[in-house]
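K.L.:
Top to bottom, those sequences are chains A and B.
For the first sequence, our numbering begins at 18 and goes up steadily by one.
For the second sequence, our numbering begins at 70 and goes up steadily by one.
Hints are computed from structural coordinates only; laboratory data are not their basis.
It cannot be assumed that every hint is accurate.
As the list claims (entries may be wrong) - Listed next, with one range per pair, are the computed distances between beta-carbon atoms:
(1) Asp55(A) <-> Asp76(B): 15 to 21 Å
(2) Gln83(B) <-> Glu86(A): 50 to 56 Å
(3) Val29(A) <-> Asn121(B): 46 to 52 Å
(4) Val69(A) <-> Lys95(B): 32 to 38 Å
(5) Arg119(B) <-> Ser99(A): 37 to 43 Å
(6) Ala79(B) <-> Ser84(A): 45 to 51 Å
(7) Asp68(A) <-> Arg123(B): 18 to 24 Å
(8) Thr96(B) <-> Met44(A): 28 to 34 Å
Claimed, not checked - With the Cβ distance kept under 10 Å, some of the chain B side facing chain A (calculated, not the full set):
(9) Gln102
(10) Gly111
(11) Thr168
Cβ atoms here follow ideal geometry from the backbone N, Cα and C, with glycine treated the same way.
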Amino acid sequence: DVKVTQSSRYLVKRTGEKVFLECVQDMDHENMFWYRQDPGLGLRLIYFSYDVKMKEKGDIPEGYSVSREKKERFSLILESASTNQTSMYLCASQTPRTGSSYEQYFGPGTRLTVT
Amino acid sequence: SQQGEEDPQALSIQEGENATMNCSYKTSINNLQWYRQNSGRGLVHLILIRSNEREKHSGRLRVTLDTSKKSSSLLITASRAADTASYFCATNFGNEKLTFGTGTRLTIIP
Chain A
18 DVKVTQSSRY LVKRTGEKVF LECVQDMDHE NMFWYRQDPG LGLRLIYFSY
68 DVKMKEKGDI PEGYSVSREK KERFSLILES ASTNQTSMYL CASQTPRTGS
118 SYEQYFGPGT RLTVT
Chain B
70 SQQGEEDPQA LSIQEGENAT MNCSYKTSIN NLQWYRQNSG RGLVHLILIR
120 SNEREKHSGR LRVTLDTSKK SSSLLITASR AADTASYFCA TNFGNEKLTF
170 GTGTRLTIIP
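Looking at chain A on its own, in the form it has when it is part of the complex:
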């Protein structure tokens, strides 16, 4: 079974702090994603990485950056946390191999509160 883990289930940070959210997958998947989930808005893609050191902006990248130094690890960084970044953050991994259906495997989520 694919396992995707996230470093924290709950996180409380202060406005202006630098925040790191870590995600690790154990299935040697090439693709990894960061989403945020807000009530009534569903899941929105923040960033996507298709290889080590490779990244692509999603629909809402403003205020976020990412790092992928190793294949299994994808980090989301909030350079200066703001209250409007209070949300549930979900990480997912995926294999793009030939014939793939592109299903995604999700971690348990990190509920971040910025005060």
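Following the hints, position chain B against chain A.
P.N.:
Okay, now just chain B, sitting in the frame of chain A:
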């Protein structure tokens, strides 16, 4: 931008009844996927239907796809309390990305 829109937003049924939720989308797709999310947790992949398929079954799940109407439905038969969750459709266009809808919150009343 969101592609899939689920309907209804919320649904409550008695245990043992069938639950049906619908998803509409706007442009041509490669496949459509359904995911379940238990409260406060990550999403779990349930079932996938490709654009050239009309119906697919997996256990108590039945998915249909009507590409002419750009819509899909998920039927859960003989519902159980453990089916209480939010259900999301996600559309795929043949590349890596999925576009998720806003979800249907299903509550099964014991």
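K.L.:
Hints first: check each against the structure and report whether it holds.
P.N.:
How the hints compare with the structure:
The beta-carbon spacing between Asp55(A) and Asp76(B), approximately 19 Å, falls within the hinted interval of 15 to 21 Å. In this structure the hint that Gln83(B) and Glu86(A) lie 50 to 56 Å apart at CB holds, the actual value being about 51 Å. With their beta carbons about 48 Å apart, Val29(A) and Asn121(B) fall inside the hinted range of 46 to 52 Å. Taken as a hint, the range 32 to 38 Å holds for the pair Val69(A) and Lys95(B), whose Cβ atoms sit roughly 34 Å apart.
A beta carbon spacing of about 41 Å between Arg119(B) and Ser99(A) agrees with the range 37 to 43 Å that was offered as a hint. For the hinted restraint 45 to 51 Å between Ala79(B) and Ser84(A), the CB-CB distance of approximately 38 Å leaves it violated. Take Asp68(A) and Arg123(B): their Cβ atoms lie about 36 Å apart, and the range 18 to 24 Å is violated. Our hint of 28 to 34 Å for Thr96(B) and Met44(A) holds, since their Cβ atoms are close to 30 Å apart.
With its C-beta approaching chain A no nearer than about 6 Å, Gln102(B) sits inside the 10 Å limit, and its interface hint holds. For Gly111(B), the shortest C-beta to C-beta distance to chain A is roughly 4 Å, which falls under 10 Å, so the interface hint holds. At a threshold of 10 Å, the smallest CB-CB gap from Thr168(B) to chain A is about 8 Å, leaving the interface hint in force.
This entry does not satisfy hints 6, 7, going by the numbered hints stated previously.
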